[in-house]
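Protein chains: 2
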Amino acid sequence: MRISELADATGVSIPTLKYYLREGLLHPGRARGATRADYDDTHVERVRLVRTLIDVGRLSIDRVREVVTALDRPPESRHLLLGTAHDVLRQAGGSPPSETMTARLAALGLPDCVDSPASTQLAQTLSAAEEAGWHLTDATLTSWFAAMKRVADADVVPELAAMPPGDALRHAIVGNVLTDPVVIALRRVAQEALSAERFSPASEHQASR
Amino acid sequence: MRISELADATGVSIPTLKYYLREGLLHPGRARGATRADYDDTHVERVRLVRTLIDVGRLSIDRVREVVTALDRPPESRHLLLGTAHDVLRQAGGSPPSETMTARLAALGLPDCVDSPASTQLAQTLSAAEEAGWHLTDATLTSWFAAMKRVADADVVPELAAMPPGDALRHAIVGNVLTDPVVIALRRVAQEALSAERFSPASEHQASR
Numbered sequence: 001m002r003i004s005e006l007a008d009a010t011g012v013s014i015p016t017l018k019y020y021l022r023e024g025l026l027h028p029g030r031a032r033g034a035t036r037a038d039y040d041d042t043h044v045e046r047v048r049l050v051r052t053l054i055d056v057g058r059l060s061i062d063r064v065r066e067v068v069t070a071l072d073r074p075p076e077s078r079h080l081l082l083g084t085a086h087d088v089l090r091q092a093g094g095s096p097p098s099e100t101m102t103a104r105l106a107a108l109g110l111p112d113c114v115d116s117p118a119s120t121q122l123a124q125t126l127s128a129a130e131e132a133g134w135h136l137t138d139a140t141l142t143s144w145f146a147a148m149k150r151v152a153d154a155d156v157v158p159e160l161a162a163m164p165p166g167d168a169l170r171h172a173i174v175g176n177v178l179t180d181p182v183v184i185a186l187r188r189v190a191q192e193a194l195s196a197e198r199f200s201p202a203s204e205h206q207a208s209r
Numbered sequence: 001m002r003i004s005e006l007a008d009a010t011g012v013s014i015p016t017l018k019y020y021l022r023e024g025l026l027h028p029g030r031a032r033g034a035t036r037a038d039y040d041d042t043h044v045e046r047v048r049l050v051r052t053l054i055d056v057g058r059l060s061i062d063r064v065r066e067v068v069t070a071l072d073r074p075p076e077s078r079h080l081l082l083g084t085a086h087d088v089l090r091q092a093g094g095s096p097p098s099e100t101m102t103a104r105l106a107a108l109g110l111p112d113c114v115d116s117p118a119s120t121q122l123a124q125t126l127s128a129a130e131e132a133g134w135h136l137t138d139a140t141l142t143s144w145f146a147a148m149k150r151v152a153d154a155d156v157v158p159e160l161a162a163m164p165p166g167d168a169l170r171h172a173i174v175g176n177v178l179t180d181p182v183v184i185a186l187r188r189v190a191q192e193a194l195s196a197e198r199f200s201p202a203s204e205h206q207a208s209r
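Same order as they appear, the protein sequences are chains R and L. If you count by my numbering, then the first sequence holds residues 1 to 209, one letter each, in order. If you count by my numbering, then the second sequence holds residues 1 to 209, one letter each, in order.
You can trust all of the hints, since none of them are fake.
When chains are identical, the list treats them as one kind, so a pair holds in a single copy or across two.
Subject to a maximum C-alpha distance of 20 angstroms in a straight line, what follows is the list of computed EDC-like cross-link-like pairs (lysine to aspartate or glutamate):
1. 149 to 159
2. 149 to 180
3. 149 to 138
4. 149 to 197
5. 18 to 38
6. 18 to 45
7. 18 to 40
The set of hints was computed from the structure by calculation and includes no laboratory data. From a predicted model like this one, the values you see are computed outputs, not experimental measurements.
With the sequences and hints as input, model every part of the structure.
Written out as structure tokens, the structure reads:
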């Protein structure tokens, strides 16, 4: 298909598609003469992925380029594959985890920080919260980790083992990007449900019954 | 203190402080002549809050203005207070929840969408995931809601009932802003732990034992 047809199929404008091509987010079409190129279903799929990462995941263009580069050359090991997914999803920047934080997380039985993007992200987000004056107790962290294992149970599915590495990597990245907001929304709904139980006028009136 | 001292105390530059004053994120100091104003600890605290909301929460300036406006005029009811917190934290935009999605969530025993920013956010994030081709089963949603109730148990603490409304509202907003990234990082660590159990070369070798 021509670039105008790719635009129709994806709902993304031609100037934006040309920008994606220049920035390396979208692989070139097959050349047809000096000024025309042909695009196919792999381009449609890639454009949709890029839009998901930008619109829902709020990833920067640089981060999206890292994702598509990783997808084109995925690691062979299933386990490294998840590390790759976590690495591209993690917010850029942040100082390396402190030894104190690493030791604290290890003492809680959480995986340690060496070579794990996920553990680094945990140490960094916890440090950021503490620097802003918000302390999470060890009991809360342990309880939250158990809760998030229950969430992750639906993420790390056996089907991943049978997928080609590129598909498994896309599954891990897109799954997190699309469902992190759902997990956070469920946290809010759960807060509201508990707040209604604990603080609503009805429960205050009924507390003495 | 002078604005230069407020800058020293908070690590935020004078031009940025003046920008916060112009944008209504920071309340004016007490006037001392035509060109000078005096600032106090309430300004230090407010500037730190604004930085947390911008740096960690990645809230827009408009959203931060909504937060500080709400903090200055908090609702009296504890329960409405959480709704106010959820409303300012929710991503702007998005279409209203569809009737199908509202009915689906109600059938699962999740609170319905009427007048609840949290339920609206859940319906919107789920619809966005489905539009991008990612379907979550009812079983996964139910299990995730139970997991997030465990997380929320540490959020909706009895101490909230004793706080002045403004403090309780700040607690709810800052708590979510600072710990949403921790919850998401714990999800990644949990994925990694489960992936190691299920897919690592060692577990593959040991699977037949």
